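J.: Here is what each chain is made of, one letter per residue.
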Amino acid sequence: GEDVEQSLFLSVREGDSSVINCTYTDSSSTYLYWYKQEPGAGLQLLTYIFSNMDMKQDQRLTVLLNKKDKHLSLRIADTQTGDSAIYFCAESRGGSYIPTFGRGTSLIVHP
Amino acid sequence: KAGVTQTPRYLIKTRGQQVTLSCSPISGHRSVSWYQQTPGQGLQFLFEYFSETQRNKGNFPGRFSGRQFSNSRSEMNVSTLELGDSALYLCASIRSGGHEQFFGPGTRLTVL
Numbered sequence: 001g002e003d004v005e006q007s008l009f010l011s012v013r014e015g016d017s018s019v020i021n022c023t024y025t026d027s028s029s030t031y032l033y034w035y036k037q038e039p040g041a042g043l044q045l046l047t048y049i050f051s052n053m054d055m056k057q058d059q060r061l062t063v064l065l066n067k068k069d070k071h072l073s074l075r076i077a078d079t080q081t082g083d084s085a086i087y088f089c090a091e092s093r094g095g096s097y098i099p100t101f102g103r104g105t106s107l108i109v110h111p
Numbered sequence: 112k113a114g115v116t117q118t119p120r121y122l123i124k125t126r127g128q129q130v131t132l133s134c135s136p137i138s139g140h141r142s143v144s145w146y147q148q149t150p151g152q153g154l155q156f157l158f159e160y161f162s163e164t165q166r167n168k169g170n171f172p173g174r175f176s177g178r179q180f181s182n183s184r185s186e187m188n189v190s191t192l193e194l195g196d197s198a199l200y201l202c203a204s205i206r207s208g209g210h211e212q213f214f215g216p217g218t219r220l221t222v223l
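Which chain is which? The protein sequence lines are C and A, in order. The first sequence begins at 1 in the working numbering and counts up by one. The second sequence begins at 112 in the working numbering and counts up by one.
No lab work stands behind these hints: they were computed from the structure. Computed from a predicted structure; not experimentally measured. Hints should not be assumed to be uniformly reliable.
Between beta-carbon pairs, the in silico distance windows are [claimed, not checked]:
#1 A:Thr131 <-> C:Asn21: 37 to 43 angstroms
#2 A:Pro172 <-> C:Thr81: 40 to 46 angstroms
#3 C:Gln57 <-> A:Asn182: 35 to 41 angstroms
#4 C:Thr25 <-> A:Ser190: 42 to 48 angstroms
#5 A:Thr125 <-> C:Gln59: 42 to 48 angstroms
#6 A:Gly173 <-> C:Glu38: 29 to 35 angstroms
#7 A:Gly208 <-> C:Glu38: 26 to 32 angstroms
#8 A:Ser207 <-> C:Gln59: 44 to 50 angstroms
Here are the simulated lysine-lysine pairs, DSBU-like style, with alpha carbons at most 35 angstroms apart [as the list claims (entries may be wrong)]:
#9 C:Lys36 <-> A:Lys124
#10 C:Lys36 <-> A:Lys168
#11 C:Lys36 <-> A:Lys112
#12 A:Lys112 <-> A:Lys168
#13 C:Lys70 <-> A:Lys168
#14 A:Lys168 <-> C:Lys67
#15 A:Lys112 <-> C:Lys56
#16 C:Lys67 <-> C:Lys56
#17 C:Lys68 <-> A:Lys168
#18 A:Lys112 <-> A:Lys124
#19 C:Lys70 <-> C:Lys36
#20 C:Lys70 <-> C:Lys56
#21 C:Lys56 <-> C:Lys36
#22 C:Lys56 <-> A:Lys168
Where is the CB? At the ideal position from N, CA and C, for every residue including glycine.
For reference, chain C alone in the conformation it holds in the complex (with noise of 0.2 angstroms):
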């Protein structure tokens, strides 16, 4: 299977939370990254947690680490149509710190 696994699509109202999942297989992940694709853009850093933390708060961004279930999750608050974009979970481990991707979760943010 895949190292890193996201559902496909996530649809959610304009204003309400937007939780997106991901799970990765390596348990020496050093780092867990989201990234954010906007349409014919590249991939921008939204965030990244430390294989070591459980939770890190970014203005309306909130990841949580569950390492022993290797799961990872992005909450995005009070979510706006400008957050419509696919969004990737990654992982690296130490030393050459080539991430491993996800295939991306597309989230649409309707009125």
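The hints should help you fit chain A onto chain C, whose structure is shown.
T.: Chain A in isolation, oriented as in the chain C frame:
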């Protein structure tokens, strides 16, 4: 600080031709990685260069090659293009001692 830049942004080629893509990392970043993004395969790692040396390599055929110059700018080359090479090619840079990758806008390659 200027971000990662890639040129050209769009390219149309025909099968059998070759193509060269260019990436300029963020000033001071010495590591440059290349990725291929397609709807079918997602984001796949091609190779990484650091101080003009290939440091890591993904699982792509030898038609895909790259190099890095002394100013950290990098190029990737694809020879004998195939229809399946149509993709968005992304490059990313990392600062020395860092771990976060910063991506450029990509080059959209279409092979006809």
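J.: So, for every hint listed, does it hold in this structure?
T.: Hints, one by one, checked against the model:
no.: 1; hint: A:Thr131 <-> C:Asn21: 37 to 43 angstroms; result: 39 angstroms, holds
no.: 2; hint: A:Pro172 <-> C:Thr81: 40 to 46 angstroms; result: 41 angstroms, holds
no.: 3; hint: C:Gln57 <-> A:Asn182: 35 to 41 angstroms; result: 38 angstroms, holds
no.: 4; hint: C:Thr25 <-> A:Ser190: 42 to 48 angstroms; result: 34 angstroms, violated
no.: 5; hint: A:Thr125 <-> C:Gln59: 42 to 48 angstroms; result: 47 angstroms, holds
no.: 6; hint: A:Gly173 <-> C:Glu38: 29 to 35 angstroms; result: 34 angstroms, holds
no.: 7; hint: A:Gly208 <-> C:Glu38: 26 to 32 angstroms; result: 29 angstroms, holds
no.: 8; hint: A:Ser207 <-> C:Gln59: 44 to 50 angstroms; result: 28 angstroms, violated
no.: 9; hint: C:Lys36 <-> A:Lys124; result: 29 angstroms, holds
no.: 10; hint: C:Lys36 <-> A:Lys168; result: 24 angstroms, holds
no.: 11; hint: C:Lys36 <-> A:Lys112; result: 20 angstroms, holds
no.: 12; hint: A:Lys112 <-> A:Lys168; result: 29 angstroms, holds
no.: 13; hint: C:Lys70 <-> A:Lys168; result: 26 angstroms, holds
no.: 14; hint: A:Lys168 <-> C:Lys67; result: 28 angstroms, holds
no.: 15; hint: A:Lys112 <-> C:Lys56; result: 26 angstroms, holds
no.: 16; hint: C:Lys67 <-> C:Lys56; result: 14 angstroms, holds
no.: 17; hint: C:Lys68 <-> A:Lys168; result: 30 angstroms, holds
no.: 18; hint: A:Lys112 <-> A:Lys124; result: 33 angstroms, holds
no.: 19; hint: C:Lys70 <-> C:Lys36; result: 21 angstroms, holds
no.: 20; hint: C:Lys70 <-> C:Lys56; result: 16 angstroms, holds
no.: 21; hint: C:Lys56 <-> C:Lys36; result: 17 angstroms, holds
no.: 22; hint: C:Lys56 <-> A:Lys168; result: 32 angstroms, holds
Violated hints for the displayed structure, listed by number in ascending order: 4 and 8.
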